[in-house]
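Please model the complete structure; the sequences and the hints are all you need to start from.
Below, each chain spelled out in residue letters.
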Amino acid sequence: DAKTTQPNSMESNEEEPVHLPCNHSTISGTDYIHWYRQLPSQGPEYVIHGLTSNVNNRMASLAIAEDRKSSTLILHRATLRDAAVYYCILSKDNFNKFYFGSGTKLNVKP
Amino acid sequence: DAGVIQSPRHEVTEMGQEVTLRCKPISGHNSLFWYRQTMMRGLELLIYFNNNVPIDDSGMPEDRFSAKMPNASFSTLKIQPSEPRDSAVYFCASSLKGQPKFGAGTRLSVL
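Chains as they are written, first to last, in the working numbering: chain L, 1 to 110; chain V, 111 to 221.
Hints are supplied without guarantee of correctness; some may be wrong.
Said to hold, decoys possible - Lysine-lysine pairs mimicking BS3-like chemistry, simulated, CA-CA at most 30 Å apart:
| no. | chain 1 | residue 1 | chain 2 | residue 2 |
| --- | --- | --- | --- | --- |
| 1 | V | K207 | L | K97 |
| 2 | L | K69 | L | K92 |
| 3 | L | K3 | L | K92 |
| 4 | L | K69 | L | K3 |
| 5 | V | K207 | V | K134 |
| 6 | V | K178 | L | K69 |
| 7 | L | K69 | L | K97 |
| 8 | V | K188 | L | K92 |
| 9 | V | K188 | L | K69 |
| 10 | L | K97 | V | K188 |
| 11 | V | K134 | V | K178 |
| 12 | L | K109 | V | K207 |
| 13 | V | K207 | L | K3 |
| 14 | L | K97 | V | K134 |
| 15 | V | K188 | V | K134 |
| 16 | L | K97 | L | K3 |
| 17 | V | K207 | V | K178 |
| 18 | L | K109 | L | K92 |
| 19 | V | K207 | L | K69 |
| 20 | V | K188 | V | K178 |
| 21 | L | K105 | L | K69 |
| 22 | V | K188 | V | K207 |
| 23 | L | K92 | V | K178 |
| 24 | L | K105 | L | K3 |
| 25 | L | K105 | V | K178 |
Please keep in mind that the hints were generated in silico from the structure rather than gathered at the bench.
Here it is in structure tokens:
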């Protein structure tokens with residue numbers, strides 16, 4: 001299975017945009033890119049996913065590089081409640097095998 | 111939608127005892143996953159079921175671990191005998207042709 005690489009931690013100021021990067025240089029043509037986040041003492045929750053095109057939803061935006069070897073999760077205005085560990089995950093189109101890496105711990109400062 | 115329900119939320123047991131963790135998936139979901147999370151190893155996929163049938167148990171650490179899904183609305187993860195290194199948070203997740211939704215987890219402490 002293709003692996004992802006993320007920075008261990010990032011810091012942001014409240015109400016500012018946050019760009020969380022993910023490298024996946026060995027991604028295959030059928031791999032979807034998913035982002036989950038895990039708030040303290042909770043289970044992971046889905047944020048967004050995409051295949052080739054950039055995606056937007058109410059939580060975030062996902063920007064996918066043209067060669068698909070990297071992607072960026074964009075939180076447009078970080079809030080204190082966005083402090084969490086963010087995971088970038090690749091999976092085949094059946095979505096049946098999700099392997100979580102170490103993720104990026106996002107700290108949001110007031 | 112009550113979400114994925116796991117019980118108990120916390121379990122403290124002594125080494126050598128049998129431990130059973132329970133999961134009720136979201137109604138209508140046909141895939142169920144068990145994960146384990148530790149500081150050292152992060153989130154690990156242990157096993158997943160599709161339509162109540164175990165599809166991939168390659169992540170189950172050893173024979174002390176077993177998982178069953180007797181029907182579409184219930185699954186168990188059993189550890190017998192338990193060891194201190196099994197201490198972790200165990201998550202259950204379910205899905206229907208989409209991204210898995212996770213329960214709140216069971217925090218297991220084996221003394």
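Hints, one by one, checked against the model:
no.: 1; hint: V:K207 - L:K97; result: holds (12 Å)
no.: 2; hint: L:K69 - L:K92; result: holds (15 Å)
no.: 3; hint: L:K3 - L:K92; result: holds (13 Å)
no.: 4; hint: L:K69 - L:K3; result: holds (11 Å)
no.: 5; hint: V:K207 - V:K134; result: holds (18 Å)
no.: 6; hint: V:K178 - L:K69; result: violated (38 Å)
no.: 7; hint: L:K69 - L:K97; result: holds (20 Å)
no.: 8; hint: V:K188 - L:K92; result: holds (29 Å)
no.: 9; hint: V:K188 - L:K69; result: violated (39 Å)
no.: 10; hint: L:K97 - V:K188; result: holds (21 Å)
no.: 11; hint: V:K134 - V:K178; result: holds (12 Å)
no.: 12; hint: L:K109 - V:K207; result: violated (37 Å)
no.: 13; hint: V:K207 - L:K3; result: holds (22 Å)
no.: 14; hint: L:K97 - V:K134; result: holds (20 Å)
no.: 15; hint: V:K188 - V:K134; result: holds (15 Å)
no.: 16; hint: L:K97 - L:K3; result: holds (13 Å)
no.: 17; hint: V:K207 - V:K178; result: holds (21 Å)
no.: 18; hint: L:K109 - L:K92; result: violated (36 Å)
no.: 19; hint: V:K207 - L:K69; result: holds (25 Å)
no.: 20; hint: V:K188 - V:K178; result: holds (8 Å)
no.: 21; hint: L:K105 - L:K69; result: holds (21 Å)
no.: 22; hint: V:K188 - V:K207; result: holds (27 Å)
no.: 23; hint: L:K92 - V:K178; result: holds (25 Å)
no.: 24; hint: L:K105 - L:K3; result: holds (18 Å)
no.: 25; hint: L:K105 - V:K178; result: violated (34 Å)
Figure legend: structure checked against the earlier numbered hints; hints not met, in rising order: 6, 9, 12, 18, 25.
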